[in-house]
Amino acid sequence: MASNREAIGARLRFEVLRRCNFACYYCGVPASMGIKQLHIDHVVPVDLGGANQPWNLVAACWDCNAGKTNGVPTRELIDRVRSDYCGYLESTGEQVVSCKFCSLPFQLLPDEDWTDRCDTCDAILFYGYDAGAGTPREWVAP
1 MASNREAIGA RLRFEVLRRC NFACYYCGVP ASMGIKQLHI DHVVPVDLGG
51 ANQPWNLVAA CWDCNAGKTN GVPTRELIDR VRSDYCGYLE STGEQVVSCK
101 FCSLPFQLLP DEDWTDRCDT CDAILFYGYD AGAGTPREWV AP
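All letters in the sequence shown, in the order written, are residues 1 to 142 by the UniProt record's numbering.
A few of these clues could be false.
Claimed, not checked - The calculated label-pair distances, taken between Cβ atoms and stated as ranges, are: (1) 78 - 18: 19 to 29 Å; (2) 100 - 35: 41 to 51 Å; (3) 34 - 72: 28 to 38 Å; (4) 51 - 94: 17 to 27 Å; (5) 116 - 29: 20 to 30 Å; (6) 29 - 69: 18 to 28 Å.
Treat the hints as calculated values from the structure; they're not laboratory data. The structure displayed is predicted, hence computed values, not measured ones. Even glycine gets a Cβ: it sits at the ideal position worked out from N, Cα and C.
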């Protein structure tokens, strides 16, 4: 069975590993010890709508990645990952903004105009409008 999962590019993979200091985000064992090989893990699993957005990706050893399965992550885990991601970007001088609708962080690139929502919410709003759901103001809570 073929997977519909979008591949994580080499650059993004390296950025995630570097942000996690080349160690498992969950247990902290560094890859340099040679004990565990690191993988890139979706904090919010793809099966539950998680995407290859940098804030949703962490380095994980096989044991931790396999142990967490595709269950719903806790609010505490998501908040911790988001906080760590924003802290990392701020330490590098990157501009971080939060989506007005889902409150998830995303990196604002220098050549982008900020529309106050992430690409995911932007697509939901756009496709919802095209599907005849009315205007976004009519179906998104203020």
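Contradicted hints - numbers only: 5
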